[in-house]
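Add chain P to chain Y, keeping to what the hints say.
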Amino acid sequence: MTKPILEVKDLAKYFGGVKALDGVTLEVPERGVIGLIGPNGSGKTTLFNVVTGFYVPTRGEVWYAGERIDGLNPNEVFLKGLVRTFQIPRLFPSLTVLENVLLTPPRQVGERVLTAPFRSKWEEQEKELARKAVALLRKFGLGEYVRARVSELSAAHMKMIETIRGLITDARVYLLDEPAAGVAYTTARELFTFIRRLRDEEGLTFFIIEHRLEVLMDFVDYVYVLHNGRLLSEGKPDEVMSDPKVIEAYIGR
Amino acid sequence: MLPSFDAFGFLVSWGTFLGIYAILAVSLNLEVGLTGMANFGKVAFYGIGAYLAASLSVYAVLAVYHVAAAPYTTEGIIALGKYGGASPALDLGIFAASLVLGFIIAGCVGYLLTYPTLRVGPAFLGITLLAFGELLRIFLLNYQPLGASKGLSGIPHPFLWIPDPVLRERLYVLVVLGFLAVTLWFAERITNSPFGRVLKAVRDDEVAALCMGKHVPRVKATVLFIGSGMAGVAGVLLAFYMSSVNPNMFVPAVTFNIWAMVILGGMGNNKGAVVGAAIITFVDRILTFITPNLGITIITPDYVRWMIVGILIVLVLMFMPGGLVPEKPIKTPAWEAVESLEKESKEGGSGGDEA
Chain Y
87 MTKPILEVKD LAKYFGGVKA LDGVTLEVPE RGVIGLIGPN GSGKTTLFNV VTGFYVPTRG
147 EVWYAGERID GLNPNEVFLK GLVRTFQIPR LFPSLTVLEN VLLTPPRQVG ERVLTAPFRS
207 KWEEQEKELA RKAVALLRKF GLGEYVRARV SELSAAHMKM IETIRGLITD ARVYLLDEPA
267 AGVAYTTARE LFTFIRRLRD EEGLTFFIIE HRLEVLMDFV DYVYVLHNGR LLSEGKPDEV
327 MSDPKVIEAY IGR
Chain P
3 MLPSFDAFGF LVSWGTFLGI YAILAVSLNL EVGLTGMANF GKVAFYGIGA YLAASLSVYA
63 VLAVYHVAAA PYTTEGIIAL GKYGGASPAL DLGIFAASLV LGFIIAGCVG YLLTYPTLRV
123 GPAFLGITLL AFGELLRIFL LNYQPLGASK GLSGIPHPFL WIPDPVLRER LYVLVVLGFL
183 AVTLWFAERI TNSPFGRVLK AVRDDEVAAL CMGKHVPRVK ATVLFIGSGM AGVAGVLLAF
243 YMSSVNPNMF VPAVTFNIWA MVILGGMGNN KGAVVGAAII TFVDRILTFI TPNLGITIIT
303 PDYVRWMIVG ILIVLVLMFM PGGLVPEKPI KTPAWEAVES LEKESKEGGS GGDEA
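Protein sequences appear in the order of chains Y and P.
Okay, so the first sequence: first residue is 87 according to the working numbering, each after it adds one.
Okay, so the second sequence: first residue is 3 according to the working numbering, each after it adds one.
Next comes chain Y alone, as it looks inside the complex (with noise of 0.2 Å):
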């Protein structure tokens, strides 16, 4: 594998006496298309939450691209090039879908209180994103919904806007959240085609949270496994799979 973009260190979250995660160490290389399963409870949202900058960490480390970020803000995590998705789409309803993809870029001139009353400030950089951002959904055949609002969307299309809205900044590691929950079977391996498209033709990496591994196991480099707040087991999607610890975890005895 290439070297790690993003790598968590001996992470522990408690929340009282619940040990959510306890001692947990995995690396997500460059360009991989990695997956993090585990039964309900298991911690793998609440891994998300600590990488994210939800949660701040009882013990251990979150390095991205040489620097360590955790206890940092979600909104400085954003920053660094970390894009969180979450298992509902969580689009801004009364923005359209152009909209949503225009709020994504940081530090717009016009998105401060001072400057945006005065138009020629920030004209230019408005449209300059806004042909950006309908040549980004045009190119994933999204072009049509441009002026839709979101709630004339389909759950899929939807979770494609989550993903492509990322693609207007620099973001480089995408983590996403049962981006296959609630989509039909085809569905969802068409939003697992479109998230290997996005790692081959952009260079994005994805960390990717799912239960339906019928789904998953097709698509994925390298699966983590969690169980109880710690690793159970990692490996290849087919290693894991015959792993007969991972199989009386998701079975029970």
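Rather than coming from a laboratory, the hints here were simulated on the basis of the structure.
Fair warning: this is a prediction, and the values are worked out from it, not measured in the lab.
Where is the CB? At the ideal position from N, CA and C, for every residue including glycine.
The hints are all genuine.
Think about it this way: if two alpha-carbon atoms lie no more than 20 Å apart in a straight line, the pair counts; the simulated SDA-like pairs of lysine to any residue are: (1) K330/P / W187/P; (2) K225/Y / E346/P; (3) K225/Y / K345/P; (4) K218/Y / K348/P; (5) K166/Y / H217/P; (6) K333/P / V199/Y; (7) K333/P / R233/Y; (8) K345/P / L222/Y.
Sample of chain P residues at the chain Y side, in silico, Cβ under 10 Å: (9) I192; (10) C213; (11) S347.
Structure of chain P alone, referenced to chain Y:
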């Protein structure tokens, strides 16, 4: 029908109240309509502006003319009446200083007061501000240097040096409407900008906005600074118009009146806030003007006003849930760029078909 009804006088009086309340409604709309922050303590910032103007002007006039009496004593009020209109430069200077300080101080109080509550959710923010408004009123009710329950009077009107009171009022309504125009211009500009887009994103989903790299607490504090500052300016304008202030002008009902304006006009639309303010202040003024002529004493205009406002809100919410002027999509130059791109691709597309 109503022989003593002075139509022009009515317009001037309505225009002044409309201007002051529309500034408040636009500022509340920025907070609640665009950013989703339930400010139930709007009246506090209005009161801060009014009391700042009142105290600054009465103490300044007494100090300049070396009057030893306190402004809330009989001698003080007499001295204020005597020296009030003596110097145009002083009156206008006090007015200008009050406006600037009113904006800054009310804004800073809003910023400081709300910053610690921003992280605990919208309900807490609303309740904290509501409580602050009441605390401030009760404090003023008992604080002697600011006149306690009697308040402060004899605030020199900025145009007091003009002998004709009618002309004075007409000039003042222009000033008030001028401030409304600036407020509305600013609010419309920031609404239709990338900043406005961030505000709506924060309103829709705070957590998602945070994940998109937006500094949500700072955005909210900024909006509360601006909104509170605008309310402070409205308070300054009110103090100079009424020439006196007292704590009971700033009861929580004032806040809810402003909310009614925003709901009636249309949440998330600045022009709607002005329309809402216009309707409610119209009802208020017309009742105040007409009632003395009708000779009815059983029902005071106050009760009738609340009933009319209540009925209006119910009707509007039943038939036009978005308000009279519903929220509009954000207009930024991005759409111009999109349109020209769409035109290009359409031309390109049809050319391809022909070939």
